[in-house]
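Chains H and U, in that order, are what the protein sequence lines are.
Position one of the first sequence corresponds to residue 1 (UniProt numbering), numbered consecutively onward.
Position one of the second sequence corresponds to residue 1 (UniProt numbering), numbered consecutively onward.
Among the hints, a few may not be true.
Between beta-carbon pairs, the in silico distance windows are [as the list claims (entries may be wrong)]:
1) H:46 - U:9: 13 to 21 Å
2) U:95 - H:21: 34 to 42 Å
3) H:289 - U:164: 49 to 57 Å
4) H:324 - U:164: 37 to 45 Å
5) U:166 - H:279: 38 to 46 Å
6) H:327 - U:163: 52 to 60 Å
7) U:32 - H:259: 18 to 26 Å
8) H:21 - U:18: 49 to 57 Å
9) U:166 - H:362: 48 to 56 Å
Reference listing, derived: stretches of chain H covered by chain U, where coverage requires no fewer than 3 residues with Cβ under 8 Å from a Cβ of chain U [what the hints assert, rightly or not]:
10) 170-181
11) 250-262
12) 296-304
13) 401-414
14) 449-462
Since the hints were derived computationally from the structure, they do not count as laboratory data.
Cβ coordinates follow ideal geometry from the N, Cα and C atoms, glycine included.
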Amino acid sequence: MTAHDPQQAARPNTPTTTYLYDNYDTAFVRERVAEFREQVRRRLEGATTEEEFRPFRLMNGLYLQLHAYMLRVAIPYGTLTARQMRSLADIADKWDKGYGHFTTRQNLQFNWPKLVDVPDILEALAEVEMHAIQTSGNCIRNVTADHFSGVAADEYEDPRPTAEFLRQWSSLHSEFSFLPRKFKIAVSGAAQDRAAVKVHDIGLRVVAGPGGEPGYEVYVGGGLGRSPFVGKVVREFLPREDLLAYLEAILRVYNRFGRRDNKYKARIKILVHETGLDQIRAEVEAEFAAMDRTPFAHDAEEFARIAAFFAPPPYETLPAQSEALQSAKRENPAFAAFAEVNVSAHKIDGYAIVTVSLKPTGGIPGDATSAQMRVLADASEKFGFGELRVSHEQNIVLPHVKKDDLFALWRMLDAAGLATANVGLLTDIISCPGLDYCSLATARSIPIAQAISRRFKDEERQREIGRLGIKISGCINACGHHHVGAIGVLGLEKKGQESYQITLGGDPSLSASVGELLGPGVGADQVADVIEHIVDFYLSERQGEERFIDTWRRLGHARFKDVLRREGENGADI
Amino acid sequence: MALISEGKFVEDEWRHLADEEDLPRSGKIVVSQQRLEEALAGLGPEQGLGVRLPNTADPAAIAPYFSRLSLIAIAFPAFTDGRGFSLARLVRRAGFKGELRASGRLVADQALHARQCGFDTIEIPHDIAQRQNEAQWAKALGSYAETYQEGYGTRGSILERRRKAAL
Numbered sequence: 001m002t003a004h005d006p007q008q009a010a011r012p013n014t015p016t017t018t019y020l021y022d023n024y025d026t027a028f029v030r031e032r033v034a035e036f037r038e039q040v041r042r043r044l045e046g047a048t049t050e051e052e053f054r055p056f057r058l059m060n061g062l063y064l065q066l067h068a069y070m071l072r073v074a075i076p077y078g079t080l081t082a083r084q085m086r087s088l089a090d091i092a093d094k095w096d097k098g099y100g101h102f103t104t105r106q107n108l109q110f111n112w113p114k115l116v117d118v119p120d121i122l123e124a125l126a127e128v129e130m131h132a133i134q135t136s137g138n139c140i141r142n143v144t145a146d147h148f149s150g151v152a153a154d155e156y157e158d159p160r161p162t163a164e165f166l167r168q169w170s171s172l173h174s175e176f177s178f179l180p181r182k183f184k185i186a187v188s189g190a191a192q193d194r195a196a197v198k199v200h201d202i203g204l205r206v207v208a209g210p211g212g213e214p215g216y217e218v219y220v221g222g223g224l225g226r227s228p229f230v231g232k233v234v235r236e237f238l239p240r241e242d243l244l245a246y247l248e249a250i251l252r253v254y255n256r257f258g259r260r261d262n263k264y265k266a267r268i269k270i271l272v273h274e275t276g277l278d279q280i281r282a283e284v285e286a287e288f289a290a291m292d293r294t295p296f297a298h299d300a301e302e303f304a305r306i307a308a309f310f311a312p313p314p315y316e317t318l319p320a321q322s323e324a325l326q327s328a329k330r331e332n333p334a335f336a337a338f339a340e341v342n343v344s345a346h347k348i349d350g351y352a353i354v355t356v357s358l359k360p361t362g363g364i365p366g367d368a369t370s371a372q373m374r375v376l377a378d379a380s381e382k383f384g385f386g387e388l389r390v391s392h393e394q395n396i397v398l399p400h401v402k403k404d405d406l407f408a409l410w411r412m413l414d415a416a417g418l419a420t421a422n423v424g425l426l427t428d429i430i431s432c433p434g435l436d437y438c439s440l441a442t443a444r445s446i447p448i449a450q451a452i453s454r455r456f457k458d459e460e461r462q463r464e465i466g467r468l469g470i471k472i473s474g475c476i477n478a479c480g481h482h483h484v485g486a487i488g489v490l491g492l493e494k495k496g497q498e499s500y501q502i503t504l505g506g507d508p509s510l511s512a513s514v515g516e517l518l519g520p521g522v523g524a525d526q527v528a529d530v531i532e533h534i535v536d537f538y539l540s541e542r543q544g545e546e547r548f549i550d551t552w553r554r555l556g557h558a559r560f561k562d563v564l565r566r567e568g569e570n571g572a573d574i
Numbered sequence: 001m002a003l004i005s006e007g008k009f010v011e012d013e014w015r016h017l018a019d020e021e022d023l024p025r026s027g028k029i030v031v032s033q034q035r036l037e038e039a040l041a042g043l044g045p046e047q048g049l050g051v052r053l054p055n056t057a058d059p060a061a062i063a064p065y066f067s068r069l070s071l072i073a074i075a076f077p078a079f080t081d082g083r084g085f086s087l088a089r090l091v092r093r094a095g096f097k098g099e100l101r102a103s104g105r106l107v108a109d110q111a112l113h114a115r116q117c118g119f120d121t122i123e124i125p126h127d128i129a130q131r132q133n134e135a136q137w138a139k140a141l142g143s144y145a146e147t148y149q150e151g152y153g154t155r156g157s158i159l160e161r162r163r164k165a166a167l
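Chain H on its own, in the form it takes in the complex:
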């Protein structure tokens, strides 16, 4: 079966640019729903205690939050079809409060489902080849990938076939469903790393081997949370046919030897740190050598079967430059700003990648209403082969838009409040849900993001400031990735008050670094002030086109600390 099989093409609204379930996948996801329905029934009947139920509801994406259950739906490698997006909108209307929240792990969260409805929601998801499998729990989580996969101009290979291959292998893995802690894998296939592979338990980069054949550079032991670590190279080149076997070896070593005495020391990053990279590598290689490879003998064929689905859509042959785009930009400054900021280079002439910001001024980062989801679905069908992506920056990507169509698309988005021109700029803030929703949080995140967003709402000023990532977490678990924000904000609780620590110099890309603490925590109402002072100092010191992170690296952290110390003398309590 290939991606352009007539049987597949007959499905409504389904592009042939992403993986489509066969009968086995369909049966598996259906069986999973039936299993969960039975698990809920047994829980309600008392056959299972809450403690016994917990890992199984988590492995189906269901959390018990502060006020209600939360269901986290998997969007494997961030790829969605228009039909799937519409189904998410329908679920939001029918079983939730008419909106959903896109997360930093390319998932979608519904914040208000009822336990008894969850099996029906999962059934509705299965209808459109979706699920909530392993979006939580101490298992291999939903595998993430570059949101520009398949279209990025700097790409070596589309990482999504690898991610889909891993999705299948990791689903209901009998041996690795009760790990010491959660396990996250990210895949990238481009020169620039948009998947943050160095801050995952395992990061994979598709690279060319000695004979030019594709394989993987394998990182292990990266992660954020309360002890941030940058991942280390455990294997410089792993041939593709060895991928599953090698990952199984890593997981087996981790499952056997990872710490289980303290949940904060249970991630593989701690095992790597405490055991040492060389020793871990030796153990993984020994396990890999001892394995029975028979079950993996045909992995290369299976990979090829999966890869065939990720075919390019039927692009038109177009000139590289679009006259229509140029004249629309001249006539409409707001559109020109959008085209400047939210549009990225596509590998095919005449096409562009459009990132739709879910960060309007004063909005909740990553939230989309059901109406907006439907507009996005419509827009993708009208202008982009019916395909959408979710980025880990909590935005939505339309990966294949003709440059000639950009203005019409912008008008459609603008009418739905989806044309904020701030992608990659200061108000494109990553934020976790914080204390407004999450039972782990120690402080609110969303109101901080909203305050910063309002303070810097002037888009011209943002463009003047340039690329600057602000990332906010409401507790040390770091779901908002504050460690790798050029400016990171961490909300803590001190003597019953919310207190925010600010870090500078974090970087999630291949030049990965963890941010450094600026000083003692500040109050919720001071965060925007402090950030403004830092930004003003950067603007006064930067040379030419220098990015914030580069100015910070050049000047050194102490200079930035000085600014705040001076401000502190002027009355700000920092």
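Could you slot chain U onto chain H? The hints should help.
Below, chain U alone, put in the same frame as chain H:
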């Protein structure tokens, strides 16, 4: 303790021998790893011998005894502690052909995990057996026609079946 095999509650012919108990003259017994040598020397030729292992056991240390062991019981100190699943795989890989038993507070939802990792039987405390009856264990075991991975007691992985269908 209650014993489950293939989704059915079955009679347990084995007796767990505590470390302070004398070796009995008859019957099948399971001893701790520390008493393995003593049991091998002291048991009658008709008596079956089994060993119980902590989930941190080294499979290489136990492999030399495989031919004289009819049962290995791997402890699950908590149902969320998955080390026993990896150890079971390693014990099977090292060539153990006898009965492999998961022993601890496992729940019905793990029936399939246990079988795929090579366990034949599951030994659970009575309080769990009372809440989770035979029908629940049987249903959980039959939840999936096929899974993506190759495992013990499966009909072949989804990947394998796809490949054969394409040939």
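Now the hints, each set against the structure:
1. A hinted range of 13 to 21 Å holds for the C-beta pair residue 46 of chain H and residue 9 of chain U, which are about 19 Å apart.
2. The hinted window of 34 to 42 Å between residue 95 of chain U and residue 21 of chain H holds, with their beta carbons roughly 38 Å apart.
3. Judged by the Cβ atoms, the range 49 to 57 Å given for residue 289 of chain H and residue 164 of chain U is violated: they are separated by roughly 29 Å.
4. Distance hint check: the CB atoms of residue 324 of chain H and residue 164 of chain U are about 52 Å apart, inconsistent with the given range 37 to 45 Å.
5. A beta carbon spacing of about 42 Å between residue 166 of chain U and residue 279 of chain H agrees with the range 38 to 46 Å that was offered as a hint.
6. Taken as a hint, the range 52 to 60 Å holds for the pair residue 327 of chain H and residue 163 of chain U, whose Cβ atoms sit roughly 54 Å apart.
7. A hinted range of 18 to 26 Å for the beta carbons of residue 32 of chain U and residue 259 of chain H is consistent with their spacing of about 25 Å.
8. Checked against the hint of 49 to 57 Å, the pair residue 21 of chain H and residue 18 of chain U passes, with Cβ atoms roughly 52 Å apart.
9. The hint said 48 to 56 Å for the Cβ distance between residue 166 of chain U and residue 362 of chain H, and at roughly 54 Å that hint holds.
10. Counting residues of the stretch 170-181 of chain H whose beta-carbon sits less than 8 Å from any beta-carbon of chain U gives 9, enough to reach three: the coverage restraint holds.
11. Counting residues of the stretch 250-262 of chain H whose CB lies closer than 8 Å to any CB of chain U gives 4, so the stated coverage by that chain holds, three being the minimum.
12. With 4 residues having a beta carbon nearer than 8 Å to a beta carbon of chain U, the stretch 296-304 of chain H meets the requirement of three or more and the stated coverage holds.
13. Requiring three or more residues with a Cβ within less than 8 Å of a Cβ of chain U, the coverage given for the stretch 401-414 of chain H is violated, as only 0 such residues are present.
14. Under the rule that three or more residues need a Cβ within less than 8 Å of chain U, the assignment of the stretch 449-462 of chain H is violated, with 0 such residues.
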